[in-house]
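Asks: Each chain, written out:
Protein chains: 2
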Amino acid sequence: MIKIKIPATSANLGPGFDCLGISYTLCNVYKVKKAKSMLIEGCNKKYTTKSNVFNRAFQKTMKMLGKKGSFHVYYEETIPASRGLGSSASVIVAGCMAANRLYGGLRKLNKDEIFNIAANVEGHPDNVAPAIYGGLTVTAKLTDKSYHCSKYRVSHKLHFTILIPDFKTSTEKSRKVLPNKYKKEDVISTISHSILMVDALQTGNMKLLKNISKDYVHEPYRKKLIRDYDYIKKTIEKNYDAVVLISGSGPSLLVISKDRHLHKKIKLTNTKANWEIKPLKIKQ
Amino acid sequence: MIKIKIPATSANLGPGFDCLGISYTLCNVYKVKKAKSMLIEGCNKKYTTKSNVFNRAFQKTMKMLGKKGSFHVYYEETIPASRGLGSSASVIVAGCMAANRLYGGLRKLNKDEIFNIAANVEGHPDNVAPAIYGGLTVTAKLTDKSYHCSKYRVSHKLHFTILIPDFKTSTEKSRKVLPNKYKKEDVISTISHSILMVDALQTGNMKLLKNISKDYVHEPYRKKLIRDYDYIKKTIEKNYDAVVLISGSGPSLLVISKDRHLHKKIKLTNTKANWEIKPLKIKQ
Chain U
485 MIKIKIPATS ANLGPGFDCL GISYTLCNVY KVKKAKSMLI EGCNKKYTTK
535 SNVFNRAFQK TMKMLGKKGS FHVYYEETIP ASRGLGSSAS VIVAGCMAAN
585 RLYGGLRKLN KDEIFNIAAN VEGHPDNVAP AIYGGLTVTA KLTDKSYHCS
635 KYRVSHKLHF TILIPDFKTS TEKSRKVLPN KYKKEDVIST ISHSILMVDA
685 LQTGNMKLLK NISKDYVHEP YRKKLIRDYD YIKKTIEKNY DAVVLISGSG
735 PSLLVISKDR HLHKKIKLTN TKANWEIKPL KIKQ
Chain L
485 MIKIKIPATS ANLGPGFDCL GISYTLCNVY KVKKAKSMLI EGCNKKYTTK
535 SNVFNRAFQK TMKMLGKKGS FHVYYEETIP ASRGLGSSAS VIVAGCMAAN
585 RLYGGLRKLN KDEIFNIAAN VEGHPDNVAP AIYGGLTVTA KLTDKSYHCS
635 KYRVSHKLHF TILIPDFKTS TEKSRKVLPN KYKKEDVIST ISHSILMVDA
685 LQTGNMKLLK NISKDYVHEP YRKKLIRDYD YIKKTIEKNY DAVVLISGSG
735 PSLLVISKDR HLHKKIKLTN TKANWEIKPL KIKQ
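As given, the protein sequences belong to chains U and L, one line each in that order.
With the first sequence counted from 1, adding 484 to any position gets you the numbering used here.
With the second sequence counted from 1, adding 484 to any position gets you the numbering used here.
Since the hints were derived computationally from the structure, they do not count as laboratory data.
Note that the structure is predicted; figures quoted are calculated from it, not measured.
Taking CB as the label site, the calculated pair distances span:
#1 Lys595(L) to Leu626(U): 33 to 43 Å
#2 Lys691(U) to Lys762(L): 37 to 47 Å
#3 Tyr715(U) to Lys530(L): 51 to 61 Å
#4 Lys708(U) to Val661(L): 33 to 43 Å
#5 Glu721(U) to Thr753(L): 52 to 62 Å
Using 25 Å as the maximum straight-line C-alpha spacing, the simulated SDA-like pairs for lysine to any residue come out as follows:
#6 Lys665(U) to Lys625(L)
#7 Lys667(L) to Ser654(U)
#8 Lys698(L) to Asn664(U)
#9 Lys668(U) to Lys668(L)
#10 Lys722(U) to Tyr631(L)
#11 Lys668(U) to Ser654(L)
#12 Lys641(L) to Arg637(U)
#13 Lys629(U) to Met690(L)
#14 Lys487(U) to Glu561(U)
#15 Lys668(L) to Asp670(U)
#16 Lys668(U) to Glu656(L)
#17 Lys625(U) to Glu721(L)
#18 Lys691(L) to Arg637(U)
#19 Lys635(U) to Gly688(L)
#20 Lys625(U) to Lys668(L)
#21 Lys635(L) to Asp683(U)
#22 Lys698(L) to Glu669(U)
#23 Lys625(L) to Pro704(U)
#24 Lys708(L) to Asp670(U)
#25 Lys708(U) to Tyr666(L)
#26 Lys691(U) to Lys625(L)
#27 Lys625(L) to Glu669(U)
Which bits of chain U does chain L cover? Going by a derived footprint, with three or more residues having C-beta under 8 Å, they are:
#28 495-504
#29 664-673
#30 690-697
In this text, a Cβ means the ideal position worked out from N, Cα and C, and glycines have one as well.
The whole structure should be built from the sequences, with the hints applied where relevant.
Replies: Below is the structure:
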């Protein structure tokens, strides 16, 4: 039996829509062993069928390895599901890693190969990349259809707090609310903001971060799907030296600040939903 | 008399519209001295009036310094004008630096202050930034209306060749050809391409550069204003391990490659205009 730990992640990060991601030390643990037939335990029953993403990722990896075989897996989940924290990416990456470690022998796939399989199973690379490489990742689909990932370290000056509500949002719905076209001015701002977001996260430049974390591509549309968004964003950004971003497609909100104790200070007195407030550490 | 050297620059760089810029060792030299009234020599007569940008930049800087005074300047120009190589940004930065060095005394303005004055005179920061800081620059207008610049080094593995045609394009016209709206897919590609352009230029990763240098924001529209664009881009990118980008708003074309002798190899047999082919070195 082997133990595989795959972290929670936040994709998008304001102006880095479908591209940026960061990795946390918060993770799911997957206990896996070789077996003749598939068995998935420790999670919601609807995720235990053959069509579930762990098995799909496992089988795609087995195909790449040129091997046949199956597995038993037991999930120990701490990443909340459907909250914009990459729980599905974690399961997919675990499925790939499980096949690679159990059946890869002396010819194991490398991280880049695992990343390409996982991104294909997930359909987009922005959560699986930080789940595999750690730190801050920038991803793109290349002209040959393969995926690229550049990895950077996140400044230790920055501290991350996640606000997790007691409701879910559907990724599908959150894709549908986006417009088909964007204004030129917004596109131009997005170019500099996205590049400088990577800069600010690496250098820990809070002044820059506050100036360029404004997004024009997804947050103005998706915020409508997140109860309490306007109240929380205003309250936190007004009272603290911090920025509030949507984690992935939401509904969780990510607060970035230089104050390591911010999670203890945030008081949300006027929300409709219940919000869990939790400090997160970056897995570099 | 003091000598001020301000370099040629290329803005935009594919997916970095209105944001990225690089600096070359090719530069204009401005010989300046204190004087009671303005005199500009060594350039086209139409640029010698009070409304010219050297004088405007000079006077704005004098105002910031709280000083009064004028100058004589003699231009030794090697940056070709109206070719997308930042000749106007060079003149503006020179005007600021001249005032600062001649009249700043012990309370000279720093680079960031000069940058903000120059960006205001030019109307946009993407050429004046590399002219002042050197290397590769990323600029943005912040919420308080000031300009930010982050600077990076360009990989020494990359070599730059400029193709300068015997015709000019107007910056105004090249702004007008841009659409007012962009498709969501193009915006999403632009986000990752612009971030990874900065990565590829820093690391010298030619494979990545070729994959992400495609622009969706300005090049597809501005190329129509540049005779021979399609022929040159195809010929060079097909025959050499290189990418071809529009320098600024054109008409010059920038070729980036790992081959330091590329400028000697490029053969353009089928062009309508005459193109000068010139190697350029990065001023870091």
